[in-house]
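So the protein sequences, as listed, match chains A and B. Residues 40 to 395 (my numbering) are what the first sequence spells out, left to right. Residues 35 to 283 (my numbering) are what the second sequence spells out, left to right.
Quick caveat, the hints were computed from the structure, so don't treat them as lab data. Check before you lean on any hint, since a few could be wrong.
[What the hints assert, rightly or not] Taking lysine to aspartate or glutamate pairs in the DMTMM-like style, the calculated list, with each CA pair at most 25 Å apart, reads: (1) A:LYS241 x B:GLU186; (2) A:LYS241 x B:ASP42; (3) A:LYS241 x B:GLU238; (4) B:LYS218 x B:ASP121; (5) A:LYS241 x B:GLU266; (6) A:LYS46 x A:GLU260; (7) A:LYS241 x B:ASP259; (8) A:LYS165 x A:GLU273.
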Amino acid sequence: MNKVLMKGNEAMAEGAIRAGCRYYFGYPITPQNEVPAYFAKRMPEVGGVFVQAESETASINMVYGAAAAGARVMTTTSSPGYSLMQEGVSYLAGSRLPCVLANVQRGGPGLGNIAASQADYFQATKGGGHGDYHLIVLAPASAQEMMDFTMLAFELSDTYRVPALILSDGIVGQMVEPVELRDFVEKIPEKPWALTGARGRKPNVIRSLWLDDEGVPLNNEWLQTTYETIRQKEVRWETFMAEDAEYLVVAYGSTSRTAKSAILLARQEGIKVGLIRPITLWPFPYQILSSLSLQVKGILVCEMSAGQMVEDVALAVDNTPLYFAGELGGRMFTDIKIQDKIHQMVNGGLQQWQPR
Amino acid sequence: MATKIIFDKPKSMKDVPMHYCPGCGHGVVHRLICEAIDELNLREKAIGVAPVGCAVLAYDYWDFDVSEAAHGRAAAVATGIKRVWPDRLVISYQGDGDLASIGMGETIHTANRGENITVIFINNANYGMTGGQMAPTTLVGQKTPTTPMGREPSSTGFPIKMAELIASFPAVRYSVRTTVADFKGVVQTKMAIKKAFELQMKGEGYTFVEILSNCNTNWEMSPVDANRFILETMVQTFPLGTFKDERYV
Chain A
40 MNKVLMKGNE AMAEGAIRAG CRYYFGYPIT PQNEVPAYFA KRMPEVGGVF
90 VQAESETASI NMVYGAAAAG ARVMTTTSSP GYSLMQEGVS YLAGSRLPCV
140 LANVQRGGPG LGNIAASQAD YFQATKGGGH GDYHLIVLAP ASAQEMMDFT
190 MLAFELSDTY RVPALILSDG IVGQMVEPVE LRDFVEKIPE KPWALTGARG
240 RKPNVIRSLW LDDEGVPLNN EWLQTTYETI RQKEVRWETF MAEDAEYLVV
290 AYGSTSRTAK SAILLARQEG IKVGLIRPIT LWPFPYQILS SLSLQVKGIL
340 VCEMSAGQMV EDVALAVDNT PLYFAGELGG RMFTDIKIQD KIHQMVNGGL
390 QQWQPR
Chain B
35 MATKIIFDKP KSMKDVPMHY CPGCGHGVVH RLICEAIDEL NLREKAIGVA
85 PVGCAVLAYD YWDFDVSEAA HGRAAAVATG IKRVWPDRLV ISYQGDGDLA
135 SIGMGETIHT ANRGENITVI FINNANYGMT GGQMAPTTLV GQKTPTTPMG
185 REPSSTGFPI KMAELIASFP AVRYSVRTTV ADFKGVVQTK MAIKKAFELQ
235 MKGEGYTFVE ILSNCNTNWE MSPVDANRFI LETMVQTFPL GTFKDERYV
């Protein structure tokens with residue numbers, strides 16, 4: 040086993056390189072600064088290109104250019120920077136350009152703070168930019184997954200011509216863990232649509248604008264058909280002690296790690312509680328949640344937000360009582376706190392979550 | 035009797051009607067770009083970036099690879115393309131709102147990096163596509179829908195002189211201002227574009243061609259009067275000439 044100790048952010052960058060990404064454009068923002076620093080050092084070693092852009096707006100549009108040129112390309116940022124990129128993200132989606140983005144979330148809104156948060160869930164999964172589009176959204180919970188999901192994100196993005204987003208947070212980005220280095224990807228898919236110079240073929244055009252009656256509706260139909268295929272094929276989740284569970288916790292990213300600790304504590308007390316952890320936040324694992332909800336007496340959603348993913352859980356769950364625990368503004372959960380919320384759920388001391 | 039063709043459509047140009055207003059400079063500059071590409075035999079190496087504005091549909095006329103870009107972001111998109119394909123001819127084609135207002139950050143930093151691309155800047159002193167509103171290059175006193183009493187420097191500042199500004203960056207290789215308002219200007223513009231492309235293909239760095247071009251529809255002038263306005267009035271604010279033609283050491 041070829042394991043090395045890495046920060047989550049570094050593992051993400053190395054994963055990109057191992058996936059064949061040779062172009063990185065980024066702008067410094069905490070808590071993801073290890074990523075551009077890693078690429079700045081590593082890209083020259085592998086014959087790649089690192090550019091420190093003048094802004095996140097420029098970064099995302101450099102990504103647009105490199106993706107249009109057919110390359111595997113990445114940018115990373117944190118919440119305020121990701122907001123600034125939303126125009127470009129919409130254009131990438133509309134122009135069907137594969138690329139990998141990462142938001143190592145921090146507390147918001149506004150400048151917020153530099154602690155971990157999960158308050159950009161809506162922005163990541165429900166749009167962010169203008170128009171009817173989705174990104175493939177993967178939520179890593181460890182340094183290993185920062186590497187693995189980044190590599191997966193490149194594969195999925197190229198397969199579907201849909202941009203992929205790593206929705207991480209300051210804890211996962213900053214944690215140092217042993218990481219098993221994956222093999223380098225040798226073969227990157229052909230991209231006959233890319234801009235390479237029209238040698239021996241008709242010109243290629245990368246666009247999201249059509250001024251006739253048909254173009255934009257047709258582009259949207261293509262996008263929606265693609266999204267439906269992704270919904271059918273690419274939903275990913277993890278269950279933990281869910282088989283015999285009478286209660287469920289739903290959590291993603293770093294919060295799912297804390298939730299596992301809480302579940303182990305509760306299990307020692309004889310409470311049969313398990314976890315569902317969405318790995319793809321879009322497409323969301325509605326079906327598994329729906330079927331597991333039938334076997335349990337209560338579902339507790341834990342997020343470092345005021346309640347965002349809980350709305351998706353509510354869409355999947357019919358009659359099972361649904362509860363929510365949130366941490367606001369960059370505060371993180373402790374296992375004791377989640378254990379306490381589990382107690383309250385079991386004892387009837389917690390108010391059910393209601394659509395607001 | 036044998037016929038001899040002495041004037042033809044450039045090979046890099048599609049044989050389709052243009053949507054531009056009669057007399058507009060865009061069509062002329064499109065053609066000059068294609069002529070230069072043909073003469074340098076670069077059609078299969080050319081990758082264009084179209085702006086947001088009247089020229090967004092440039093790919094309907096250019097017979098080579100083209101990408102759209104969000105408003106103002108063409109230089110960043112061109113940077114991404116060029117970094118992937120350093121041996122291709124990458125052309126960013128932008129108007130004044132795109133390049134000098136919303137995209138000023140991208141414009142300046144792309145120039146400051148000395149990115150090895152060519153930026154073709156159409157300066158027509160207004161936002162042509164959205165109805166002729168004030169641009170950063172609108173002349174003092176010029177009436178537009180958003181400066182109905184004429185551009186007033188006390189609240190809107192002065193026209194930005196891009197070719198001079200770009201020339202101030204050490205990594206810039208070539209910065210010129212020409213016009214397509216008369217025949218002499220068209221010839222000079224063609225020479226400037228061709229030179230910029232040649233410099234780029236030699237890897238010499240960032241090249242910038244600002245072209246004074248009329249927007250006769252929004253200026254509410256005939257094309258002839260609009261071109262006369264460029265030659266008599268607009269050049270007083272935007273002098274023609276070469277502002278930089280040297281490689282930094």
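Hints and how they fare:
Restraint check: the Cα-Cα separation between LYS241 of chain A and GLU186 of chain B comes to about 48 Å, which exceeds 25 Å; the hinted pair is violated. For the hint pairing LYS241 of chain A with ASP42 of chain B, the CA-to-CA distance comes to about 21 Å; that is within 25 Å, so the pair holds. Distance restraint check for LYS241 of chain A and GLU238 of chain B: the Cα-Cα separation of roughly 29 Å exceeds the 25 Å cut-off, and the hinted pair is therefore not satisfied. The hinted pair formed by LYS218 of chain B and ASP121 of chain B fails the criterion: a straight-line CA distance of about 32 Å is larger than 25 Å.
A C-alpha spacing of about 43 Å is found between LYS241 of chain A and GLU266 of chain B, which places the hinted pair above 25 Å, so the restraint is violated. At roughly 41 Å between alpha-carbon atoms, LYS46 of chain A and GLU260 of chain A are farther apart than 25 Å, so this suggested pair is violated. Note on LYS241 of chain A and ASP259 of chain B: the hinted pairing is violated, with a Cα-Cα distance of about 40 Å set against a maximum of 25 Å. Taking the CA atoms of LYS165 of chain A and GLU273 of chain A, the gap is about 17 Å. The hint holds against a cut of 25 Å.
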